[in-house]
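Protein chains in written order, with our numbering: chain A, 406 to 527; chain B, 782 to 1378.
Just so you know, the hints here were simulated from the structure itself, not pulled from any lab data.
Heads up, a few of these hints could be off.
What the hints assert, rightly or not - Residues from chain B that face chain A, not an exhaustive set, calculated with beta carbons under 8 Å:
id	residue
1	Arg786
2	Glu821
3	Tyr842
4	Gly867
5	Val906
6	Glu914
7	Gly1039
8	Met1046
9	Gly1049
10	Arg1057
11	Glu1076
Please read all numbers here as calculations on a predicted model, not as lab measurements.
Where is the CB? At the ideal position from N, CA and C, for every residue including glycine.
Each chain, written out:
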Amino acid sequence: MKSLKELEEIRKKTLETINIRKDRTGTRVVVGMATCGIAAGARPVLMSIMDEVKKNNLADVVVAQTGCIGMCRFEPIVEVYKPGEEKVTYVKVTAAKALRIMNEHVMQGKVVDEYTIGAEEK
Amino acid sequence: MEMYRSHVMICRGTGCTSSNSEQIVKNFEELIKKHGLDNEVVVERTGCFGLCALGPIVIIYPEASFYSLVKPEDVEEIVNEHLIKGRVVKRLLYAETVENDTIKSIDEVDFYKKQVRVALRNCGVINPENIDEYIAFDGYKALEKVLTSMTPAEVIDTIKRSGLKGRGGGGFPTGTKWEFAAKSQADQKYVLCNADEGDPGAFMDRSVLEGDPHAVIEAMTIAAFAIGASQGYVYVRAEYPIAVKRLAIAISQAREYGLLGQNIMDTGFNFDLEIRLGAGAFVCGEETALIASIEGERGMPRPRPPFPAVKGLFGKPTLLNNVETYANITQIINNGAEWFASMGTEKSKGTKVFALGGKINNTGLVEIPMGTTMREVIFEIGGGIPNGKKYKAAQTGGPSGGCIPMEHIDVPIDYDNLIALGSMMGSGGLIVMDEDNCMVDIARFFLDFTVDESCGKCTPCREGTKRMLEILDRIVEGKGKDGDIERLESLANNIKNSALCGLGQTAPNPVLSTLKYFRDEYEAHINEKRCPAGVCQGLAKYTIIADKCKGCGICAKQCPVTAISGKAKTPYLIANDKCAKCGVCLEKCPFGAIIKA
């Protein structure tokens, strides 16, 4: 028999994993995964983002992929959509950079300026 | 449960399963493994999404891409493009979601936009064979609230204030029913669930059991607490194998978690649940017949009173509700009676699930707030009538209901309005007819069904419906007589007033309502020996157009009653008095020289 506490734990834990089917209001982290992105190393980036989501139980964060947006020279590209905020585009992302983006931007709300496309193009 | 970036939800309801969705599941699993994505992407078998006309349906989250009419061979493209490269395969998306080359979310599509999913909230969203997923979306929270913080009287009061009425057809206030059962004193009481869905064309109960079985289990446990019962039965028809299997899995998972059985949630409350299979008799959806069937007796109704709330299963006080009614209970407990009562019309609260069928584009299941008009359901949510045909009527309430013609299509749907129109809510089957349907033939079809399903216990239903069917048979065969309409009306009213149970009392409704709105069609059949819609074979007249006939003689050779005669190379002739109206000549004529009028 499960106690009420155990049921609540199951509820919380499962919700984190399946909430993406209902909740469309949280943060979306989108990784460019077309041929160009994959060739430039998007897969390790995606895996490190997913690890962070798992580790920190970020139930309201959705990790998605997208195709080529035409800026292949900047791949791997990661876009962060926060509700009510402008989209932020990060370029030439690595697994280590992704970690910082997750910790500072996604979790604390501080954009990592030096990785953004604006900084790269200066 | 692991964290996955993408969830591939594949419908394994009865509709999509019969169009091979299991093979699609297998292909997905195989290809995802092959590409090493099995720790990133999860494949789930779910219940019905509602848009059965476009099945098999696959939804991929987080994008919520709605793929329709998916074939097993399409899976490779979806995996390569969508799951590996993140490019949605537009050509396979439900066409309505693609507009001006941008992809709309499924919630914005006409079919879903106006729907409010209460009873169907988890269908297609969770894997019904995994209790954890049900728990995640607030599952068993209502039971916890009831067992730890409410008294039975408070539960009943909440249900009463919500205004919920029985969704199986009768439309009796659910809270009042619970109160009656609670007031009966006995050493043993029972809670039953009526899942003996028998209306032709209705399949919402099946979908709830297939897509969200725990919602029914949780609600029955709450009902048991409210009335003081310790044992429950779900009476479900054996023709629903997927529903039965999922319900059985759900019951055993609930027992494992201590949500059924002894000392539930450590509160000292005991309740257990068993499944009883029905053999598919329509009359067993009637409460006293259903109870007899569970007892092992022949499924026949008995006079009421005593009502089951006083003397039901094994002579004990019994509460019986329909699947869809139960599916609303946990939401009412969690969100409050006021939330539920805020939806719908003055006297009909909440939402109702309809099974759309017949001449309609979006065949499937929809859940709408009470008070939505028939026009919105058929033309906006249902996508209108196929092939540009004209709407004639919609049958609600199945063989117990009646039809809603064009002039009443803007009436808000609720219990009272439908009854005022000579129809009824019924369990929610909605069959749409267009200009090609003959209303006499439709009435005959439903009556044929009730004659077949009549249990034979009372004379009005056993003999009366049979006599009505004979008259209708005569009319559609072109042998209608003067006075047939009056005979039908008098028989119908007598049966309505004297039959023993709901089945008999409502059996004449399809005839009465078609007579009310389409009397001219009956008159054309009887007086002019003509079927305006061209459906009734017996009234068809076959003629050979002399100009087109080459005199090949094929028709004469094929005619089973030698009604066609003529000489080779000259036009042939059909003798109408001999013609059996089988239509073989029309089919076989190589020159299209035979017409049916």
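Does the structure break any of the earlier hints, and which numbers would those be? 9, 10, 11
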